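Protein chains in written order, with numbering that gives the first Met the number 0: chain A, 0 to 239; chain B, 0 to 314.
These are computed hints drawn from the structure, not numbers from a lab. Computed from a prediction, not measured in an experiment: that's the story for all the values here. Beta carbons: idealized from backbone N, C-alpha and C, even for Gly. There may be inaccurate statements among the hints.
[Stated by the list, open to error] Where chain A lies over chain B, by a calculated footprint (3+ residues, C-beta under 8 Å):
no.	segment
1	38–50
2	185–193
3	298–312
[Claimed, not checked] Pair ranges (Cβ atoms, derived):
no.	chain 1	residue 1	chain 2	residue 2	range
4	B	Leu-107	A	Gly-15	28 to 36 Å
5	B	Leu-96	A	Glu-28	39 to 47 Å
6	B	Arg-4	A	Ala-139	49 to 57 Å
7	B	Arg-99	A	Glu-28	32 to 40 Å
[As the list claims (entries may be wrong)] Computed footprint of chain B on chain A; a stretch qualifies when at least three of its residues, placed anywhere within it, have a C-beta under 8 Å from a C-beta of chain B:
no.	segment
8	18–29
9	110–118
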Amino acid sequence: MPAALEAERVTVTFGGLTAVNGVSLRVPEGGIVGLIGPNGAGKTTLFNALTGHVRARGEVRLFGRRVTRLPAYARTRLGMGRTFQVERPFHDLTVLENVLVGAFLRTADRHEAERRALAALERVGLADRALQPAGDLNLARRRRLELARALATEPKVLFLDELMAGLNPPALRDMIAFVRELAGSGMAIVMVEHIMQAVTELCDEVVVLAFGELIAAGSPQQVVTDPRVVEAYLGADDDD
Amino acid sequence: MTWLRLAGVAVLGLAWFLLLPDYRTLGITLMLLAGWATAWDLLGGWSGQTSLGHAAFVGLGAYTIGITADRWDLAPWWGALLAMALAAVLALLWGKLTFRLRAAYFVLSTIAVAEILRLVAINQRGLTGGAIGLFIFDLERPFGLDLFSRTVEFWFALGYLVLVLAVAALLTRGRLGYQMRAVREDEPSAQAAGINPEAVKLWAFAISAALTALGGCLYGIVLSALQPQPLFELHLSVRIALVAIIGGRGTLFGPLVGATLLTVAAELFRNVFAEANLLIYGALIVVVVLFAPHGLVGELDRRLVRRRYARSARG
């Protein structure tokens with residue numbers, strides 16, 4: 000049985016710069032894979048390559064199906080959902096309408112789409128803000144709005160780009176529990192995350208990127224003690 | 000609520016007809032402009048793709064009616080259907096070529112297409128009568144109605160306006176309407192919601208073009224004498240875009256409000272301040288743009304959305 004998501008030797012170059020170099024990874028159904036690395040390591044670029052927002056070489060498979068040549072919207076239709084690191088809500092639409100856009104992917108009926116959008120807002124705890132213009136939300140709520148919009152597209156593989164950043168401790172606990180629940184329902188999850196608490200509590204496997212290359216992979220405990228990872232984060236000691 | 004307002008528009012049209020018998024021609028001009036601007040807004044407002052070439056579709060509609068009636072003896076309803084189909088096909092080809100371009104270049108390309116059609120109208124003398132133009136003398140009568148009478152034209156213009164508003168209302172509350180708004184707001188986010196931005200823009204463009212051409216057919220009959228100069232001109236394209244922007248792009252009734260304001264204002268100023276007419280017209284535009292950057296109805300809508308949310312938060 001093929002994994003929910005498989006990436007093989009994914010490479011992204013911008014002009015002469017190689018932002019992601021030959022990265023492979025595999026996420027089973029219900030699995031959570033964390034993607035960590037210092038700033039500028041290429042995590043978001045890898046995300047964009049996997050979801051089709053930038054062109055990449057190599058191969059990406061969704062449940063065994065090659066999607067490497069498909070544009071982003073076609074991958075969403077096949078079951079890839081994502082949030083953006085710098086949240087991009089539809090500012091002029093209300094919170095409900097934002098999610099409605101996602102829900103319309105699976106149904107053309109306005110009432111049904113609205114019902115599903117409200118259900119998604121309920122899940123992320125934004126139902127009481129349904130009628131607020133999305134541009135007026137604060138950062139933490141915009142993140143949850145992005146999550147609701149992605150969930151409304153009924154993804155099988157969900158990409159979360161720094162979803163936990165900037166959350167206060169109780170909100171962080173809630174979000175960790177929520178992501179665990181999503182994986183429990185069979186969704187495969189890939190997350191770029193700097194909050195190590197979330198990574199160690201949630202991820203089955205962690206992939207570490209530095210300068211666009213995969214430098215380590217394994218359980219959270221293995222990875223954080225790996226000398227190459229420590230070096231990537233703290234820099235090599237110049238004295239030796 | 001929307002349908003009630005639409006009925007309100009029909010009643011206002013009726014009132015205009017009864018109370019202002021001397022201004023029926025002005026009423027026709029107003030309703031055609033409002034219909035075109037509402038159609039323009041499907042692409043320019045709801046989908047965020049500014050066109051300064053919609054006169055191309057007005058001219059295409061007028062000339063199609065003229066040519067089919069005068070040269071081929073076709074009934075005007077067949078001419079209208081043909082005009083709408085031609086406009087939609089032109090929009091699809093044009094969009095396919097130009098939606099790749101960034102915003103400013105798309106605007107420039109729309110000007111170019113209208114200009115190309117104008118040159119075709121001038122130079123294809125056999126078909127269009129060239130610079131001298133084309134005259135519509137005789138039209139088949141739908142239900143025995145004389146299409147050259149101002150009264151009949153008034154009712155057709157009102158019917159056209161209500162039809163365009165109804166199509167826009169239906170469209171913008173459904174799936175395509177939300178996809179259009181998503182594409183306008185943020186294309187990567189729209190893609191992440193499974194939307195193909197190019198397909199959505201093409202749909203919006205084709206529908207907008209076909210509706211504009213339908214109004215162009217009626218305009219051709221109203222004019223009866225078709226010439227390339229006023230029909231395909233940039234001036235007309237700008238006026239269509241301008242009334243939609245002033246009234247509020249991306250709102251159902253904004254283009255109608257903008258068209259009413261500018262048409263009535265122009266008429267008043269022309270009589271009252273004959274000399275300063277254009278100056279005041281220009282000043283009015285500047286005032287609206289400065290104090291209501293989202294257009295008149297656009298600002299109202301925003302306030303309404305915020306108030307509705309505040310009420311829901313309190314209750």
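How the hints compare with the structure:
no.	hint	in the structure
1	38–50	violated (count 0)
2	185–193	holds (count 8)
3	298–312	holds (count 7)
4	Leu-107(B) x Gly-15(A): 28 to 36 Å	32 Å, holds
5	Leu-96(B) x Glu-28(A): 39 to 47 Å	43 Å, holds
6	Arg-4(B) x Ala-139(A): 49 to 57 Å	38 Å, violated
7	Arg-99(B) x Glu-28(A): 32 to 40 Å	38 Å, holds
8	18–29	violated (count 0)
9	110–118	violated (count 1)
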